[in-house]
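Asker: The chain contents come next:
2 protein chains.
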Amino acid sequence: MVSRIPFLQKEKGYAANDEHPMNLRDLATPALTIDLDALDRNLARMEQYSRKHSLALRPHTKTHKTPELARMQIERGAVGLTVAKVGEAEVMAAAGFDNILVAFPILGHQNLRRLATVARERRILVSLDNETAAQELSRAAIEAGATIEVLAEFDAGLRRCGVEPGAELVQLARTIEKLPRLRFRGLMTYPGCIWGSEEERRREAQNVFGRVQTALEACRKSGLAIEIVSGGSTPSAGFSHQLGFTEIRPGSYVYNDINTFYQGVCRLEDCAARVITTVVSTAVPGRAVIDAGSKTLSSDLTNSGAAGGYGCIVEAPDATIIRLNEEHGYVDTGRSEHQFKVGEVLTVIPNHVCTCVNLHDEVFLLRNEQLQGTWRVAARGKIR
Amino acid sequence: MVSRIPFLQKEKGYAANDEHPMNLRDLATPALTIDLDALDRNLARMEQYSRKHSLALRPHTKTHKTPELARMQIERGAVGLTVAKVGEAEVMAAAGFDNILVAFPILGHQNLRRLATVARERRILVSLDNETAAQELSRAAIEAGATIEVLAEFDAGLRRCGVEPGAELVQLARTIEKLPRLRFRGLMTYPGCIWGSEEERRREAQNVFGRVQTALEACRKSGLAIEIVSGGSTPSAGFSHQLGFTEIRPGSYVYNDINTFYQGVCRLEDCAARVITTVVSTAVPGRAVIDAGSKTLSSDLTNSGAAGGYGCIVEAPDATIIRLNEEHGYVDTGRSEHQFKVGEVLTVIPNHVCTCVNLHDEVFLLRNEQLQGTWRVAARGKIR
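Residue numbers (this note's numbering), protein chains in the order written: chain A, 1 to 384; chain Z, 1 to 384.
No lab work stands behind these hints, which were simulated from the structure alone.
Among the clues, some could well be false.
[Stated by the list, open to error] Calculated pairs, BS3-like style, for lysine-lysine (alpha carbon to alpha carbon, straight line, at most 25 Å):
hint, chain 1, residue 1, chain 2, residue 2
1, Z, Lys221, Z, Lys178
2, A, Lys178, A, Lys221
3, Z, Lys341, A, Lys178
4, A, Lys341, Z, Lys341
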C-alpha cells in the first residue's frame, strides 16, 4: 500500500526510520494523526460512487489543505480541485495542479490580481453571484492577460450565497457571457442545507432537486449553454446523482469527523483524522484535563450543541469534553467507566475536521498506529 | 509615538512606503489589524494598575503570540512572560526573552526534553498540580542538566486544574521541594471563574480570595516559603490586588475583544484587534455574506451564546453575524439600517481575540487607519 504514496519517502521529517517506526503513543501531544488505511477506504468509496453515477469529482481541498492528498485525489480519478480562497489556489497551482475551481466570489484588487496571475498559467474557474464580482474579475483578467471560467451561483436553499434559480440567474449568466476575458461555463450551488438525519437530508434533497431543475429549465429556455452543474458536499454525497449535478465537490469525506458520523455517511472507523492528547490533570474530582483545547480541536460543535461535547474520546466514549479553553480540554468523567490517569494518551475524533486541520502545521501519518511520515498542511491559514 | 517601536522599521513587509502609507481600505481581506494607539493605551493602563498595587506583571503571551509585542510589554515594566505550551516558550526564548512561566502542566518525554533544553539557557518556571508531572519534570531537568522553578497549582473555583488549597496543596509543594533539579517557588491559580457581570465577578472574586487565603494559611502553617503567588486574568484584573496575588498574568488586555467589552473591563475603542472583511454577496434577501468565517474569526461565542453572534460589525452594530462557515460569515441584515453593498469593506471586532489571532500568520499594524507595518504571529499554532 505504501508504494501507492511514494512521496511519503521524501516527506519524512520525523525521528523514526524504516526499521524502527515510531508508535503513535511516542508522538509529542497534542498532534493530529491520519490513519492512512481509513483515508484509502474513504478515497476509494467516493471514487466508486462518482464513477458509478458518471459524476465528475472535483474534491474541495479546504478539508486537508495538503498537496500530497490532492495528488491522491487526482490519482483516484478527480477531474480537478476545488478551493475557497486565492491563497489556497496559489498553493495548489504551485504544487503543479491544474483545473482549479475557486468556489468563492473573490473580491478586492489584490485578491483578484493574484487570482488572475494564477490563471495565466492554470485553468481557473470561479463561482460568483453578482455583477460587481463578475466585472471586477473581468477587469483583473484583462490586466493579467488571462482568461477565467465562471460558474453562476444560485441558492439551493441554504440562504448563504447565490441568486434565485430563475430570471435572476439567467440575467447573471448573460452578464458573465458579455464580459471580456470571462467564459461562462455553467452553474454552481452549495447544497449545505442537506444536513441532519437521513429523513431530513432526504427531504432537503427533494427541495434542492426542485431548485436545480428550475435553474436548468430557465437556462434552457434562454438558450444558455450549461456545460457544468457543480454541487455536492459530503453529507449530501449519497444523493448527488439524483440532483441534476454534473460535478460534485465533497471535502470532509477524506478524513470524516463526528459531524459526518452523526449524519450516517461514515462509520466511526472511517474517521481518519484523530487528535492524540495527554491527560495532564485529574486534580479536580469528576474532571480530567487534556492538553487539547480550542487551539487544537477548534470550538466547532455538532448539531447537538454544547451537550454533544467538543469531540469524541475513542477510549472513553461515555465521557464528554464539556468545555474547551485554548489549550485545555475539560473532560467530565462522572459518568464514564474509564479510569483517567495523568500521563495517559487518549485519542479524540474532532467534531469538524476542516477547522481542526486548519489549526495544525502538520499531520502525522499512521498505519497500524505506526508513524509512516508527515504532511505539511501547506494551505493552512490561507484565508485570502 | 512610532519611535517607541523602532522594530517596525525593519518589520515592514508591505507595499507601501513612508511617503505613501497604505490605507486600511486598501488591504486584501480578510485581514487582522491592530490599532497601535489602542494597544498603547491598553499597555499603559495595565502597567499603571500593576505598579499602583505593587503587583508583578507577567503577561500571558498566548493572546498575541508575537515577540515584538512581548518586547513592548517588558519595556512597560513586565517582570517576565507567561506562555501555555513549550513551543511558545521556545519562540519567546529564541527571541531573547528570559524568566518565562509555562502555566501548563507539561507532560510527555519530547515536550519535557524540549522544555528542559530551553531551561538550560533561560529561567523557566512551570506550574503543575500532580506528582507525576513533577517527577517527570525533575527527570527531564536532570537529563538536561537544567534547573526548573515550579509553582504548585491550586483550584480557585474554576474546576479546571489545581488541587484543593489545603493539605493536598501542602503535600504537592513538599513533593516538589524534594525532587532533584526542581525549585519550589510558590503557588499558582487561574481565577477564570471571575467572569460575567460586575456583580458576578465581585461575588466570584470573594470566593477566590477565600481560597487563596486558605492556601496561604496552609502553607504558612507548614513552614513553606512562598515567594510567588501567581493569579490574574483580564476580566479579573480590577480585583487582582485584593486577592492575595504577588503576580498577575492577564493576556487579552493588550487587544481586548467583545468578551472583555461585555464584561465592562474595556471600552469599544480599546478593542485594538479588528478583522477587516469584504461583503462578497447580498444575493439572498435579508442577508449579506462577508469573506470572514470560522477560519478567520474562530467559532468562539460570547456568554450570550449564538444569539450574540460571531463578532461585532463596527459599521453596523445592529446587524448580527448569525452563522459562520469556514470562509463565509452570514450577516442577518434584516434589522439593520446599514445598506450592505457587495465590495464594501467592513470591520469586525472578534468575540475572542486569542483564538482569532491564532488563525493568522500576520497582523497589520495601523495608526489612524494607515498601515505602519506588520508583525508575524511567530508562536501561532505552537500547540505543543
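Asker: Run every hint past the structure and note whether it holds.
Answerer: Here's how the hints hold up against the structure:
1. Z:Lys221 / Z:Lys178: Measuring from Cα to Cα gives roughly 18 Å; hence the hint holds.
2. A:Lys178 / A:Lys221: 18 Å, holds
3. Z:Lys341 / A:Lys178: 23 Å, holds
4. A:Lys341 / Z:Lys341: 55 Å, violated
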